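S.K.: So the chains spell out like this:
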Amino acid sequence: MDLTLKIWRQKDASSKGQMVDYKVTEISGSMSFLEMMDVLNEQLVNAGEEPVAFDHDCREGICGMCSMYINGEAHGPDRGVTTCQLHMRMFKDGDTITIEPFRAAAFPVIRDLVVNRSAFDRIQHAGGYISVNTSGNTQDANATLISKHAADTAMDAATCIGCGACVATCKNSSAMLFVGAKVSQYALLPQGQVEAADRVKNMVAQMDLEGFGNCTNTGACEVECPKGISLDNIARMNRELMKASI
Amino acid sequence: MALDSKVPKGPIADKWTDYKNHINLVNPANKRNIDVIVVGTGLAGGSASATLAELGYNVKAFAYQDSPRRAHSIAAQGGINAAKNYQGDGDSTYRLFYDTVKGGDYRSRESNVYRLAEVSANIIDQCVAQGVPFARDYGGLLDNRSFGGVLVSRTFYAKGQTGQQLLLGAYSAMNRQIARGKIEMFNRHEMLDVVIVGGKARGIIARNLVTGEIERHSAHAVVIASGGYGNVYFLSTNAMGSNVTAGWKVHKKGAYFANPCYTQIHPTCIPRSGDYQSKLTLMSESLRNDGRIWVPKHMEDVLAIREGKKKPTELTEEQRDYYLERRYPAFGNLVPRDVASRAAKERSDAGYGVNATGEAVYLDFAASFERYGKEQAKIHNISNPSEAKIKELGQEIVKAKYGNLFQMYEKIVDENPYETPMMIYPAVHYTMGGVWVDYNLMTTIPGCYAIGEANFSDHGANRLGASALMQGLADGYFVLPYTIGDYLADDIRTGKISTETPEFDAAEKEVKERIAFLINNKGTHSVDYYHKKLGKIMWDKCGMSRNAEGLESAIEEISALRKDFWQNVNVPGTDTEYNEQLAKAGRVADFLELGELFAKDALVREESAGGHFREEHQTPEGEAKRIKDFQFVSAWEYKGEPKDAVLHKESLEYENIEVKERSYK
Amino acid sequence: MSGFFKSSIGRKVAMALSAFFLMFFLLQHLSINILSVLNPELFNEVSHFMGTNPLVQFVLQPILIFAVVFHFVMGFVLELRNRKANGVKYAKNNGAANSTWFSRNMIWSGLTILAFIGLHFVDFWFPEMNTKFIQGDWSGTMEGVEGFRYHEELVHKFANPVRVAAYTISFIFLGLHLAHGFTSAFQSMGGTAGRKKTLQTIGKAYSIIIPAGFIFIAIYHHFNH
Ligand SMILES: Cc1cc2nc3c(=O)[nH]c(=O)nc-3n(C[C@H](O)[C@H](O)[C@H](O)COP(=O)(O)OP(=O)(O)OC[C@H]3O[C@@H](n4cnc5c(N)ncnc54)[C@H](O)[C@@H]3O)c2cc1C
Ligand code: HEM
Ligand code: SF4
Ligand code: FES
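Chains as they are written, first to last, in my numbering: chain A, 722 to 967; chain B, 350 to 1014; chain C, 350 to 574.
Hints listed in this document are in silico derivations from the structure and should not be mistaken for laboratory results. Model, not experiment: these values are computed from the prediction. Ideal Cβ placement from N, Cα and C applies to all residues, glycine included. Check before you lean on any hint, since a few could be wrong.
[As the list claims (entries may be wrong)] Once the Cα atoms are required to be at most 25 Å apart in a straight line, the calculated PhoX-like pairs of lysine-lysine come out as: (1) B:660 / B:738; (2) C:355 / A:892; (3) A:727 / A:869; (4) A:727 / C:355; (5) C:433 / A:892; (6) B:992 / A:732; (7) B:601 / B:992; (8) C:553 / A:727; (9) B:871 / B:602; (10) B:885 / B:738; (11) A:869 / B:723; (12) C:441 / C:355; (13) A:922 / C:355; (14) B:1009 / B:988; (15) A:964 / C:545; (16) B:881 / B:933; (17) B:358 / B:380; (18) A:744 / C:553; (19) B:988 / A:744; (20) C:481 / A:892; (21) B:760 / B:861; (22) C:545 / A:869; (23) A:813 / C:433.
[To be verified] Residues from chain A that keep clear of chain C, each with C-beta distances beyond 10 Å, as calculated: (24) 729; (25) 811; (26) 843; (27) 865; (28) 939; (29) 967.
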């Protein structure tokens, strides 16, 4: 199929950006979206132009690196996938596709479609861990029983890949789904209880400091999240913070 | 320089304990004055950084991704081994040791593998304490699954995301140290050279991938944890950015590179679909627990299927060839990876491949749906369940186990694997070769260490499933922190290493010149053009089976391609900005050197062992034939062009295991 | 604790608490007003009680006013922060793909309600306050009206079609506000129940019945007198 692409180009963080139109031809439906971008970039390089910068690494939906806002949706129109798992069979011949970086004040653009998501890391530094030394001298792994339900629910929360689609999608650029997932994972496990109160307070404080917005509970994040992280995690974080503060 | 593996004396079961009892330690106050650079934040680098920082060293960690959490360890799906014997099925340290040495086709160092097996149990304890949500059973205990090449269930897993969960564990430990200021994290930085001062590794030159700035970083020791080099094949299950650069740079500065030709081709990946393909996707090996691999028995069925006249589900049991079960009745679908991959290639080469490219076999879950379905019907007291009900119940179980993999498959292939068997084909997955290290995990450059997939590792000529995660974490959490202390004990009075020295000047100059050359060349071909060409040579001639003629021509071709690259490569943009093409160009340049050494290594190794299959050396049944004379590690010393590299041999002694014909029949 | 209400989550909890109070008030308000249709006598009785009971007048009424003011001021505070948190606007944003219009536009439905509240104050509350506190008339009666005046006043106001139209539109926006707000408030308070079937149904019912009730009263009186 032949496509028109409208892509955000921005030289660096301090430059102004703009949308630029490109054409690609003979795109196959079984290509991934990023493979389509490869085709465009190869075309640009051969024409002596600078290719479109975009983040990507694993190309199998797990590293959370890829991050495009495609036709008005984070990771594009498909559900439960990252951009690298989005396939061109979702589009039709002649389509115009708008491609923008993930937008949020806390995610400044580095170049073109590449944004800086270090704010997520800093939130984790504030408390995204259990304070146990890695000496290996801990108790036996089976010494504490953990119910299958708790383990599975913690696992569901832990599947977050830190891609930032939730923030990009949210009309308030809120990071509640991401932070909620991390707080939940530890809150659900006995190992995480000891520091639970400090953890949630510190992580929420850092989240606010980074300039993310509030949560209006629109639920858009849950819909666009490639890993199906549930809004329950946000509610759990709200509860944890109330518990920690009262 | 003669190779000294520095393996401690004494009985194998006591070596590690004795060693720890006798090494030099650095007192806590002195650790504060010692800096360590860790290149890479995967399971190996992440766990090492965290532990070293906890011990009190000042750590500088580097990753080319935007966060440590995104290292490619994240992609591991299946699981991690540990000799816990929770299932009471006869597992033990010795058995894990034995399985790993045998699985590696008797080409790994006994003492290292034993130590790995010994610390494996600690890994699970540690990770659980960190909050890694491993799968549990209804009683609240940890669950296990089994992987290829072994007869026990010792694999721990977290859904189909074990690598991610373990990496998030290591990342969380790092976060704690970053918050304390003990780890300084350099994201989006690429190491481009190591700096040697007075014969010791004392720093690195790195490029800030956002600004293009070239930076000098000094330390008392440098740890390379940069992962594997499977991307030398262009198409692999590795991440797009995975590279050999860090390992190759230390090689060029004096570290020997071991067994480059040992590559693992994983049997269960999604087949290639077209020329635009940028990477291959793994379907976890755990699927072989429940899936049966087959191709049609008769050629006419193969053709009918390819033409779309027949569906695989229409073939009766008699019309199918479950070739692994046929050839290897003892292990069946759970033979080790090298064996399963070659068997798939054998069938495809014989013309039985089931898709248009002729390079695909089936992985079928129908039998599992039925088995689990019947079991569930019993559990739920459903008498006389209909076939559809059984299938439905069975599918629920399979979905709970592998749902995300099935979904991933459907998204990529656009076929529903619950209704029709999956198609799979082998793909490059892991590199057993890497930077040579001694028992201390130190390379032949004093003060330069290599851990995780980047070293030549404990897996010999073939790695068993779920062992790489184990090795990465063992190296980083439990081995390196001791061995590096022994070395750093001499550095307590050294003081800060200056970056304003002739050695740093020279290294930086070299890096800058190379970058300037790439940018200014403005040739005719893109970087990918060369990478794809290299990949094709590698796959055709250094792939699942190799022969002398092919390897010789591979050496010629790669050498010519490298020359062409340095004349005609086109890197757009400048070196003072975010420039992915430039980063890629540097990586491909290194692959073009490594690829040649790879072929040379494969040519010299006149035997078949594990992932290295030389057509000239096979048994009458087509199995790999090892040759006693090659019971050594090939460690290559850099001498300029790859063709001039000098071979050093570390001979391998087996005192605790009888070297046998590896049989899974 | 004071830190809590400065955090983004704390503010949302406060928002939800004030909203709960408002929603309870609306329920109570509608229950009384509907009497004006069913039983004008009783309506007058209850209105007089509410209008003259010191507990209602000096405790509940100030709380209500505080809740209203707090709610919309906090609404503005949150909205401002959210706007600041956004980066450059998307050239193309397909909000409808993942959320409802009213959930994304609480500020607009809120502002409409605020405008209505203004109107409502001018219509009923200022005259009431004038009568009671400035003129000091606590009798609840009016010249030319037999018994209490409340019903008569109400009916009189709804004679004007423009006013009825304004009320109707405002209440439709209130409905939209509540269609998202009801369950949202539970979620803000940390309840996952907000997304359970029953609560969603109750929320839906509430957000339809309350505004519909008020609209019905306005229209009923407009056409029946
Ligand atoms: C798809 C897939 C599935 C797998 N499944 C399993 C499994 O189920 N079980 C199992 O045991 N193993 C599995 N493996 C293997 C295992 O995941 C890897 O071998 C292991 O994770 C490697 O870890 P590492 O820490 O050595 O390297 P990586 O995790 O690859 O980390 C490399 C690090 O080095 C950094 N880096 C690289 N080059 C540079 C440079 N030049 N400068 C600066 N930084 C650099 C990167 O940023 C990254 O942080 C799988 C592998 C793949 C690809
Ligand atoms: C009687 C009148 C009102 C009722 C019953 C009401 C009810 C609610 C409820 C239940 C919520 C959800 C709270 C939450 O998500 O935690 C809410 C949110 C909100 N209300 Fe109101 N509201 C009323 C008036 C107003 C007014 C006058 C404004 C003025 C601007 C307003 C603005 C908002 C805003 C902006 C939100 C969303 C806050 C956010 O989630 O970011 N509301 N309201
Ligand atoms: S919660 Fe979902 S959308 Fe948000 S960062 Fe995690 S995976 Fe991405
Ligand atoms: S590239 Fe890793 S998730 Fe898309």
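S.K.: It remains to establish, for every hint, whether it holds in the given structure.
M.R.: Hint-by-hint comparison with the structure:
1. Simply put, residue 660 (chain B) and residue 738 (chain B) have alpha-carbon atoms about 23 Å apart, close enough for the 25 Å limit, and the pair holds.
2. Restraint check: the Cα-Cα separation between residue 355 (chain C) and residue 892 (chain A) comes to about 21 Å, which is no more than 25 Å; the hinted pair holds.
3. Distance hint between residue 727 (chain A) and residue 869 (chain A) is unfulfilled; the C-alpha atoms sit about 47 Å from each other, more than 25 Å.
4. In summary, the hint linking residue 727 (chain A) to residue 355 (chain C) is not supported, as the alpha carbons are separated by about 41 Å, beyond the 25 Å threshold.
5. At roughly 11 Å between alpha-carbon atoms, residue 433 (chain C) and residue 892 (chain A) fall within 25 Å of each other, so this suggested pair holds.
6. Pair hint residue 992 (chain B) plus residue 732 (chain A) does not hold up; C-alpha atoms about 42 Å apart against a cutoff of 25 Å.
7. A hinted pair counts as satisfied when its Cα atoms are at most 25 Å apart, and residue 601 (chain B) with residue 992 (chain B) qualifies at roughly 13 Å.
8. For the proposed pair residue 553 (chain C) and residue 727 (chain A), the alpha carbon gap of about 40 Å is over 25 Å, so the pair is violated.
9. For the given pair, residue 871 (chain B) sits about 29 Å from residue 602 (chain B) by alpha-carbon distance, which is inconsistent with the 25 Å threshold.
10. The hinted pair formed by residue 885 (chain B) and residue 738 (chain B) fails the criterion: a straight-line CA distance of about 47 Å is larger than 25 Å.
11. In summary, the hint linking residue 869 (chain A) to residue 723 (chain B) is supported, as the alpha carbons are separated by about 23 Å, within the 25 Å threshold.
12. A distance of roughly 33 Å separates the Cα atoms of residue 441 (chain C) and residue 355 (chain C); the hinted pair therefore is violated under the 25 Å criterion.
13. Simply put, residue 922 (chain A) and residue 355 (chain C) have alpha-carbon atoms about 12 Å apart, close enough for the 25 Å limit, and the pair holds.
14. Restraint check for residue 1009 (chain B) and residue 988 (chain B): the C-alpha separation of about 36 Å exceeds 25 Å, so the hint is violated.
15. Of the pairs offered as hints, the one joining residue 964 (chain A) and residue 545 (chain C) holds, with about 22 Å between alpha carbons and a cut-off of 25 Å not exceeded.
16. Distance restraint check for residue 881 (chain B) and residue 933 (chain B): the Cα-Cα separation of roughly 13 Å lies within the 25 Å cut-off, and the hinted pair is therefore satisfied.
17. For the hint linking residue 358 (chain B) to residue 380 (chain B), the alpha-carbon distance of about 29 Å lies beyond 25 Å, and the restraint is violated.
18. Only pairs whose Cα atoms come within 25 Å are accepted, and residue 744 (chain A) paired with residue 553 (chain C) is rejected, the gap being roughly 47 Å.
19. With a CA separation close to 48 Å, the supplied pair residue 988 (chain B) and residue 744 (chain A) exceeds the 25 Å bound.
20. With a CA separation close to 46 Å, the supplied pair residue 481 (chain C) and residue 892 (chain A) exceeds the 25 Å bound.
21. Restraint check for residue 760 (chain B) and residue 861 (chain B): not satisfied, since their Cα atoms lie roughly 43 Å apart, outside the 25 Å limit.
22. Taking the CA atoms of residue 545 (chain C) and residue 869 (chain A), the gap is about 23 Å. The hint holds against a cut of 25 Å.
23. Distance restraint check for residue 813 (chain A) and residue 433 (chain C): the Cα-Cα separation of roughly 37 Å exceeds the 25 Å cut-off, and the hinted pair is therefore not satisfied.
24. The claim that residue 729 (chain A) lies off the interface is violated: its Cβ sits roughly 7 Å from the closest Cβ of chain C, which falls inside the 10 Å cut-off.
25. Under the 10 Å C-beta cut-off, the non-interface status given to residue 811 (chain A) relative to chain C holds; the minimum distance is some 13 Å.
26. Every beta carbon of chain C lies more than 10 Å from that of residue 843 (chain A), the smallest distance being close to 16 Å; the non-interface claim holds.
27. The beta carbon of residue 865 (chain A) is kept farther than 10 Å from every beta carbon of chain C, the shortest such distance being approximately 25 Å.
28. With a minimum CB-CB distance of about 4 Å to chain C, residue 939 (chain A) fails to clear the 10 Å threshold, and the non-interface call is violated.
29. Residue-level check failed: residue 967 (chain A) sits 7 Å from the nearest beta carbon of chain C, not beyond 10 Å.
The structure shown violates the earlier hints numbered 3, 4, 6, 8, 9, 10, 12, 14, 17, 18, 19, 20, 21, 23, 24, 28 and 29.
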